[in-house]
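S.K.: Given the sequences, and given the hints that come with them, work out the whole structure.
These protein sequence lines map, in sequence, to chains R and B. Quick note on the working numbering: the first sequence kicks off at 1 and runs consecutively. Quick note on the working numbering: the second sequence kicks off at 216 and runs consecutively.
Read the hints as simulated data drawn from the structure, not as lab findings. In this text, a Cβ means the ideal position worked out from N, Cα and C, and glycines have one as well. A hint or two may mislead.
To be verified - Below, simulated EDC-like cross-link-like pairs (lysine to aspartate or glutamate); rule was C-alpha separation at most 20 Å, straight line:
#1 Lys334(B) with Glu121(R)
#2 Lys383(B) with Glu121(R)
#3 Lys218(B) with Glu244(B)
#4 Lys42(R) with Glu269(B)
#5 Lys301(B) with Glu118(R)
#6 Lys323(B) with Glu118(R)
As the list claims (entries may be wrong) - Some chain R residues well away from chain B (every beta-carbon gap over 12 Å; in silico):
#7 Ser11
#8 Leu23
#9 Leu25
#10 Val45
#11 Leu76
#12 Arg83
#13 Gln167
#14 Gln180
#15 Val191
#16 Ala199
#17 Leu211
To be verified - Chain R residues, not near chain B, derived (Cβ > 10 Å throughout):
#18 Thr2
#19 Ile3
#20 Lys51
#21 Tyr53
#22 Gly72
#23 Glu84
#24 Ile109
#25 Gly115
#26 Glu118
#27 Leu123
#28 Pro145
#29 Lys156
Single-letter residue listing:
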Amino acid sequence: MTIWTMMAKMSEGLGRTCAIFFLTLLFSLPLGLLVALLRMSKNRVVSGITKAYISVLRGTPLMLQLLAVTYGPFYLFGASVAREKLVPVVIAFSLNYAAYFAEIYRGGIESMSLGQYEAAEVLGYSRLQCFMRIILPQVIKRILPSVTNEIVTLVKDTSMAFTVAYQEMFTIGKQIANSQTSFLPFVIAGVFYFVFNAAVGWVMGRAEKRLSYYR
Amino acid sequence: MAKLLEINHCRKQFGGTEVLTDLSLSVEEGQVLSIIGPSGSGKSTLLRCATLLETMDGGDLIYLGNYAARDENGRAVYAPRPELQKIRGMFGLVFQNFNLFPHYSVLKNVTEAPVLVQKRSAAEVREEAMALLDQMGLADRADAYPWQLSGGQQQRVSIARALAMNPKILFFDEPTSALDPELTGEILRVIRKLAEKKMTMVIVTHEMAFARDVSDYVVFMNGGVIVEEGDPRDVIDHPTHERTIQFLRRLQEQ
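M.R.: The following block contains the structure:
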């Protein structure tokens, strides 16, 4: 098999790799914010449950979580394993990344000075208006570098979907590597992730620059 | 003259320590009242209670006859949220460290709350805000961001932001303490101008000469109570209470 056929075959999985990546971001970024807000709740039960959630999802391997979400329903209820594995894969990824994003959001929110809340309160902003207009925009600017870190990791973590045999780019590459006894597919995958992350870095750099109009 | 603000028997504790003890105070329309006293005397806490940033443990807090809090058997019972929100519209607060919104331009810092909170027309608010910025000598800085301004300019923006809400009374919490002496002068000039226009103000300050000049009434606080109060020329120039004499002498020595 030539390098070109390998690349052609692997690129068939690119769509799925991108699907994991974009769908995970789409769900985990808002979910992470929600988890962060619940984590900071004054209600001990709520914050306790969220704390446990974060600690389990950060404390166990993503690979295990993928297996649990994909095959768990079968072992627990005898439900048939979904044929389209995108759903469990995205669920597992989103739950996992939300836990990390939540802690990043929390760090950002807690770094805001109390004076910003008080200024808004005295001016009569509701709590929601204060959060959406005054706090969150500044938090986003502060946490952007940490979020970029997570996104870069996510690009590489999509390869983890091979554990449930979801046919994304890396899974196909691994199959070719096995059948052809070749290391080349891994090199191709490596180059692909690198290029993908260069693009991520560029986009996030632009975003940071756009927010650099204030300090 | 109508009583604009009335605080009766205010009590406030922090973790068992009494910060304000049975403190009463009232401000009439057009009056400029200065609160002086050493750090830890409770001045700022009093201001924070008056502006609803802190809740009193006991006492009444009344704006133009509207009860924000009412004393019931020694405990302050606060009005429901919508009522408090209405009362918030009656006062403005200028912070020691400005607390401008750094991600908004100068103009947006001033215009957002009147449009968002008071639901006034954007065009009208904008025009008024520009006039206010002009008064503050900042008309040409409307599109600048807070970080591009000096401390004195930032404080003037924050005064404009408070005034844009058309408050009946304006509180200042040590408005010049974060500024060097040169910039202090420009803020004091602005406050003096407001006083000439009969703006009702309550000013917590360490600037004694200024307090004597600009205010109609001075309150000297120590240990959570008002020790001495009255005409500024009496309290500042001829204090009678031991603690006031001591405090003013120490200030002069500096």
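S.K.: Which numbered hints are broken by the structure, listed smallest first?
M.R.: Violated hints: 17, 25, 26, 27; rest satisfied.
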